[in-house]
Structures are given as structure tokens and as C-alpha cells.
Amino acid sequence: MFRSLLPRETSFFDFFERHARVTVDGARELLALASEDGPVEPHARRIKELEHETDVITHQCVEALHRTFITPIDRNDIHRLITRMDDVMDLIDAASDRIRLYELAPKRSEVREFAEILVRGTQLVEKAVHGLRDLKGDEAIKATCIEINRLENDGDALFRRALAGLFRDEKDPIMVIKWKEVFEELEAATDRCEDVANQVEGILIEHG
Amino acid sequence: MFRSLLPRETSFFDFFERHARVTVDGARELLALASEDGPVEPHARRIKELEHETDVITHQCVEALHRTFITPIDRNDIHRLITRMDDVMDLIDAASDRIRLYELAPKRSEVREFAEILVRGTQLVEKAVHGLRDLKGDEAIKATCIEINRLENDGDALFRRALAGLFRDEKDPIMVIKWKEVFEELEAATDRCEDVANQVEGILIEHG
Amino acid sequence: MFRSLLPRETSFFDFFERHARVTVDGARELLALASEDGPVEPHARRIKELEHETDVITHQCVEALHRTFITPIDRNDIHRLITRMDDVMDLIDAASDRIRLYELAPKRSEVREFAEILVRGTQLVEKAVHGLRDLKGDEAIKATCIEINRLENDGDALFRRALAGLFRDEKDPIMVIKWKEVFEELEAATDRCEDVANQVEGILIEHG
Numbered sequence: 000m001f002r003s004l005l006p007r008e009t010s011f012f013d014f015f016e017r018h019a020r021v022t023v024d025g026a027r028e029l030l031a032l033a034s035e036d037g038p039v040e041p042h043a044r045r046i047k048e049l050e051h052e053t054d055v056i057t058h059q060c061v062e063a064l065h066r067t068f069i070t071p072i073d074r075n076d077i078h079r080l081i082t083r084m085d086d087v088m089d090l091i092d093a094a095s096d097r098i099r100l101y102e103l104a105p106k107r108s109e110v111r112e113f114a115e116i117l118v119r120g121t122q123l124v125e126k127a128v129h130g131l132r133d134l135k136g137d138e139a140i141k142a143t144c145i146e147i148n149r150l151e152n153d154g155d156a157l158f159r160r161a162l163a164g165l166f167r168d169e170k171d172p173i174m175v176i177k178w179k180e181v182f183e184e185l186e187a188a189t190d191r192c193e194d195v196a197n198q199v200e201g202i203l204i205e206h207g
Numbered sequence: 000m001f002r003s004l005l006p007r008e009t010s011f012f013d014f015f016e017r018h019a020r021v022t023v024d025g026a027r028e029l030l031a032l033a034s035e036d037g038p039v040e041p042h043a044r045r046i047k048e049l050e051h052e053t054d055v056i057t058h059q060c061v062e063a064l065h066r067t068f069i070t071p072i073d074r075n076d077i078h079r080l081i082t083r084m085d086d087v088m089d090l091i092d093a094a095s096d097r098i099r100l101y102e103l104a105p106k107r108s109e110v111r112e113f114a115e116i117l118v119r120g121t122q123l124v125e126k127a128v129h130g131l132r133d134l135k136g137d138e139a140i141k142a143t144c145i146e147i148n149r150l151e152n153d154g155d156a157l158f159r160r161a162l163a164g165l166f167r168d169e170k171d172p173i174m175v176i177k178w179k180e181v182f183e184e185l186e187a188a189t190d191r192c193e194d195v196a197n198q199v200e201g202i203l204i205e206h207g
Numbered sequence: 000m001f002r003s004l005l006p007r008e009t010s011f012f013d014f015f016e017r018h019a020r021v022t023v024d025g026a027r028e029l030l031a032l033a034s035e036d037g038p039v040e041p042h043a044r045r046i047k048e049l050e051h052e053t054d055v056i057t058h059q060c061v062e063a064l065h066r067t068f069i070t071p072i073d074r075n076d077i078h079r080l081i082t083r084m085d086d087v088m089d090l091i092d093a094a095s096d097r098i099r100l101y102e103l104a105p106k107r108s109e110v111r112e113f114a115e116i117l118v119r120g121t122q123l124v125e126k127a128v129h130g131l132r133d134l135k136g137d138e139a140i141k142a143t144c145i146e147i148n149r150l151e152n153d154g155d156a157l158f159r160r161a162l163a164g165l166f167r168d169e170k171d172p173i174m175v176i177k178w179k180e181v182f183e184e185l186e187a188a189t190d191r192c193e194d195v196a197n198q199v200e201g202i203l204i205e206h207g
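Residue numbers (numbering that gives the first Met the number 0), protein chains in the order written: chain X, 0 to 207; chain H, 0 to 207; chain G, 0 to 207.
Be careful, since some hints might not be right.
No copy labels: a pair is met if it fits in one copy or bridges any two.
[Unchecked claim] With a straight-line cut-off of 25 Å between C-alpha atoms, the simulated SDA-like cross-links for lysine to any residue are:
1) K135 to H65
2) K47 to A187
3) K106 to V55
4) K47 to Y101
5) K135 to D153
Just so you know, the hints here were simulated from the structure itself, not pulled from any lab data.
Please model the entire structure based on the sequences and the hints provided.
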């Protein structure tokens with residue numbers, strides 16, 4: 000219903016969906032990085048490429064906002080949503096970059112668990128922003144947002160467990176510092192998924 | 000005056016006040032944890048329960064927002080305010096959880112000082128959101144927000160002092176890492192009180 | 000065009016510009032601190048004074064918002080912009096304060112590189128908020144915001160390089176913790192410049 004107000008070429012929903020899809024790819028690549036014994040480098044490079052792709056999509060979306068007179072949802076809400084979505088991918092890239100930079104191998108098992116949460120979380124974000132196309136699907140989007148919130152709680156519990164394990168097993172303070180930073184970035188990525196869900200929820204509340 | 004616009008059963012001010020009151024209880028429990036020599040566990044468990052309670056209130060508030068057609072203040076402002084309020088309690092819980100997890104005893108004296116700031120800060124937040132019921136009380140709310148801002152400066156100064164003391168007294172890097180994390184979370188909790196004050200101030204500016 | 004709506008004495012653009020100018024001075028003082036071999040103390044004290052000045056300007060701006068009926072741009076946007084601007088100066092002060100507190104000497108070379116990015120970034124912020132006076136200059140402000148975004152990428156790359164160098168050269172974990180904190184604050188300051196650019200961009204999107 001809203002899309003009819005928009006010229007075909009600048010559907011903001013397309014930007015959201017493309018961005019969300021690339022971010023799911025990023026989370027999957029992180030899961031591959033965490034699951035395989037091979038070198039980290041190719042995965043980290045691929046994640047960096049995907050992160051660049053989401054940057055370009057974000058930029059195009061903001062450009063389109065500047066050019067578009069009438070938007071399907073509040074202009075500032077579009078701007079905030081795409082900006083928050085971008086944070087998730089940035090943090091996935093930051094975590095993978097640190098694992099590469101610090102040559103952290105073998106990888107602690109919680110990295111894989113975080114990656115699984117992030118694959119699920121980014122898939123839910125994709126579903127939620129797809130839902131925005133038709134705000135009649137209100138209840139389904141709300142349920143998706145609640146599930147993202149639940150995942151963030153899982154991420155928090157995992158973070159605590161990861162820290163406890165780290166301090167128990169690792170006696171080298173330098174290694175503790177390095178791993179702690181990686182876990183902090185992974186936990187922040189799950190937090191940012193929740194921020195996206197909150198932003199989507201805010202849009203629902205305004206327009207639903 | 001605004002309340003008359005609302006059906007009795009969904010007063011958003013009730014949600015704000017209930018949330019704020021439980022958060023004050025959380026800060027007081029943290030003060031008990033920091034002041035007593037006994038085991039941390041019962042206090043940390045109680046704080047976790049209170050954190051769950053605020054989660055439920057937040058969820059109910061967002062649910063009510065979805066169901067309510069006319070709101071006393073901007074819908075998005077309500078959503079943002081309750082979300083920011085929730086961050087304070089999350090961080091109090093995170094700090095208490097780390098003290099428990101890392102078995103940090105004896106407790107460094109600055110934990111108690113932080114807890115005192117947080118009791119005061121959450122009480123002021125309670126006062127500020129109560130003030131929103133009647134936006135005529137403009138000047139009083141503003142004064143409360145300014146006091147919260149001042150408390151945040153105290154928190155910042157305390158954080159610097161806590162770090163200086165930590166690096167002076169503690170030679171074990173692992174212990175430095177653990178305590179530094181606790182202090183960072185406590186300082187972030189006082190920061191989030193300021194975010195709530197800013198949000199309240201934004202509402203005043205819009206509706207005052 | 001918008002200014003004519005405002006009583007002379009409360010031009011919000013004046014607050015933005017004054018705040019931005021003092022923050023540029025803060026970044027320059029940080030560059031001096033990082034470039035000279037002399038004691039850190041006088042520079043850190045000067046930065047603290049400038050940080051206090053921006054606090055006062057922020058407070059005056061919020062006060063004026065409370066008193067002013069009609070504003071040239073959305074009231075909440077003004078509030079958010081000045082609040083975000085304030086974060087940049089807070090973080091410059093936090094970084095300089097830690098260098099002083101931890102007696103970090105000789106200074107690692109990346110501090111100077113960060114300070115150079117921050118001088119450039121705060122100058123761009125000054126230019127962007129000046130541009131808000133005349134929203135017709137749309138294209139120029141947008142270009143400035145894009146340049147600030149690019150600088151943030153530089154800051155991110157520098158942060159990664161700074162961490163890699165730190166873990167390579169520094170074997171004392173306590174020193175790693177201290178320097179890592181300084182670099183995190185400097186990187187956060189460049190992040191906050193980007194937040195200001197995003198906020199300016201949001202205002203353009205709304206009013207441009």
C-alpha cells in the first residue's frame with residue numbers, strides 16, 4: 000500500500016532487504032571462519048568485502064532519501080534504521096578482523112556459538128525489515144522483534160559464559176585481553192541486532 | 000491534564016513509575032552487596048530477579064503502546080524512554096553479575112561509592128518520570144535532570160579515581176582486567192541515568 | 000531564511016558554532032599534547048577547561064530551547080545535535096586525562112595520528128553545523144558529512160594498526176591495558192564525529 004507512493008526506482012524496502020541479506024552472508028561467513036580449522040584470512044577478507052557492500056547500500060539509501068520527496072515511512076526512521084543495521088555488519092567485521100590480526104588459533108568454541116546466534120539474529124532482522132513492506136503484517140513483525148530480543152538475552156548469557164571460561168582456562172593476560180575484545184565485539188553485534196528490532200518496533204508503533 | 004486522554008488501564012506514567020521504582024530497589028540491592036562482607040550470591044540473584052521484573056514492565060509498556068491509539072506524549076518518545084530506563088537496570092545487573100562470576104572479594108571501596116551514586120541517580124530518575132505526569136511542573140523536572148547530569152560528572156570523577164587506585168594497588172593483570180570491567184559497567188550505568196534525563200528533557204522541550 | 004523566525008539573542012546556530020569552535024581548540028590541544036616531549040599536565044588541564052566550556056554552551060543551548068517557542072529546526076533535533084557534539088569533547092578529554100593519569104610517556108606515535116584525524120574531524124563538524132544556517136547549501140553540507148564518514152574509516156584503520164603495534168611492542172600487560180584504553184577513547188571520539196555527521200544529515204533529510 001505504501002509503495003505506490005514511491006517511484007519504482009527508490010523503494011527503501013529494497014535497500015533494507017539488500018542490506019539485511021548481505022549481513023546474513025556476513026554472519027554465515029563468520030560461522031565458517033569459526034567452524035573450520037583452516038586459515039582465517041580468506042574468511043576475514045570476504046567479510047571485509049561484504050562490509051564494504053553494506054556501506055555502499057547504506058550510502059545509496061541515504062542518497063535516495065535526499066532525492067525523494069515523499070517516503071513510505073518517516074524519513075528519519077529510514078535513516079536511523081539503515082544506520083543501525085550497518086552497525087551489526089561493522090561489528091561482525093571488527094570481530095573477524097581482530098581474530099585475524101591477533102592470530103587467535105585455535106579458536107575458542109564460543110566464537111562458533113556467537114556466530115550461530117548472529118546467523119539467526121541477522122535472518123530475523125531480514126524477516127523483520129521485509130515485514131515493513133506491509134505493515135498489516137503487524138503481529139508477525141512484532142513476534143520477530145520479540146525473538147530478536149530473546150536472542151540478545153542468549154548472547155548476553157553466552158558472553159558471561161565465554162568470559163568465565165576465558166578467565167578459567169587462560170592464564171596469559173595478553174591472551175585474555177585479546178579474546179575478551181573479540182567476545183565484546185561479538186556480544187555488541189547481538190546487541191545491535193536488538194537495536195534494529197527496537198527501531199523496527201518504533202516504526203510499527205508510529206505507523207502500525 | 001494529559002491523563003484524561005488515556006483509558007484508565009493504560010497509563011504509561013504507571014509503567015515509567017513502576018519501572019523506576021524497581022530500578023531503585025536494584026540500586027539499593029547493589030549497595031547492600033557492596034556494603035556487606037557476606038556472600039555476594041544472594042544479592043546478585045535478587046538483582047537478577049529485579050532485572051527480570053523491569054524487562055517484563057518494559058515489554059508490557061511496549062505492548063500497551065501497540066494497543067493504544069492516542070498517547071499523552073509522542074509514541075516514539077515513550078518507546079525510547081522506557082528502553083533507555085531499561086539500560087540502567089541491565090548495567091546494574093551486569094556489574095553485580097561480574098562481581099559474582101569473578102568472585103571479586105574483598106570488594107574494592109569504589110563499588111560502594113558507585114552504588115551510592117546509583118541509588119541517588121535512580122531516585123532522581125523516579126522523580127523525573129513522576130514529574131512527567133504533570134508537565135506544568137516543568138521547572139522541578141528540569142532541576143532534577145540537571146542534578147542527574149551533575150551526578151554523572153561525579154560518576155566520571157569516581158571512575159577516574161577508581162582506575163587510578165586499581166593500577167596503583169593491583170599488580171596482577173588478570174585482576175586489573177576483572178575490576179576494570181566492573182568499574183566500566185558501573186560508570187556506564189551512571190551514564191545511562193544521564194541518557195534517561197536527556198530523554199526526559201527532550202520530552203519537556205517537545206511538550207512543555 | 001530560518002533565522003528571521005528567531006529572536007536575535009537565541010540563535011541556536013550560534014550555540015552550535017561556538018561549541019564546534021571550542022571542540023576544534025580541544026583537538027588542537029590534544030595534538031600539541033601528542034606532539035611535544037614536555038609534560039602532559041598543562042595540556043590536559045587546558046583540555047579539561049575547554050571541556051567545561053562546551054558543557055556550559057550545551058547547558059545554555061538546552062536552556063534556550065526551553066525558553067524558545069519557535070525553533071528553526073525541530074526542537075528534538077537541536078537537542079540531539081548539541082548532545083552528540085558534546086560527546087566528542089568528552090572523549091577527547093577522557094583520552095587526555097588517561098594519558099596524564101597513567102603517566103604514559105613516551106607517547107606512542109598513534110596518539111599524534113589520532114589527534115590529527117580529530118583536528119580534521121572537528122573542523123569538518125564546525126563546517127557542517129555552520130552549513131545548517133542556510134539549508135540551501137545542501138550539497139556542500141552533504142559532502143562535508145561524507146568526508147567525516149571517510150575520516151571515521153581512517154580512524155578505524157588507525158585503531159587496528161595501533162592495537163597491532165601495541166601487542167607487538169609491549170609485553171607488559173598492565174601497559175597494554177592502559178594504552179588500549181587510550182586508543183579506544185580516541186577511536187570513540189572519531190566515531191562520535193560520525194554520529195554528529197549522521198545527525199546533521201538527518202536534519203538535512205528532514206528540512207533540506
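How the hints compare with the structure:
1. In the homo-oligomer, the alpha carbons of K135 and H65 lie at most 25 Å apart only across protomers (13 Å), although the nearest pairing inside one protomer, at 27 Å, exceeds that limit.
2. Both within a single protomer and between protomers do K47 and A187 lie at most 25 Å apart by alpha-carbon distance, with minima of 18 Å and 20 Å respectively.
3. Taking CA atoms no more than 25 Å apart as the test, K106 paired with V55 passes in neither setting, with 31 Å inside one copy and 36 Å between copies.
4. In the homo-oligomer, the alpha carbons of K47 and Y101 lie at most 25 Å apart inside one protomer (16 Å), although the nearest pairing across protomers, at 35 Å, exceeds that limit.
5. When the C-alpha separation of K135 and D153 is checked against a cutoff of 25 Å, the pair qualifies neither within a copy, at 29 Å, nor between copies, at 43 Å.
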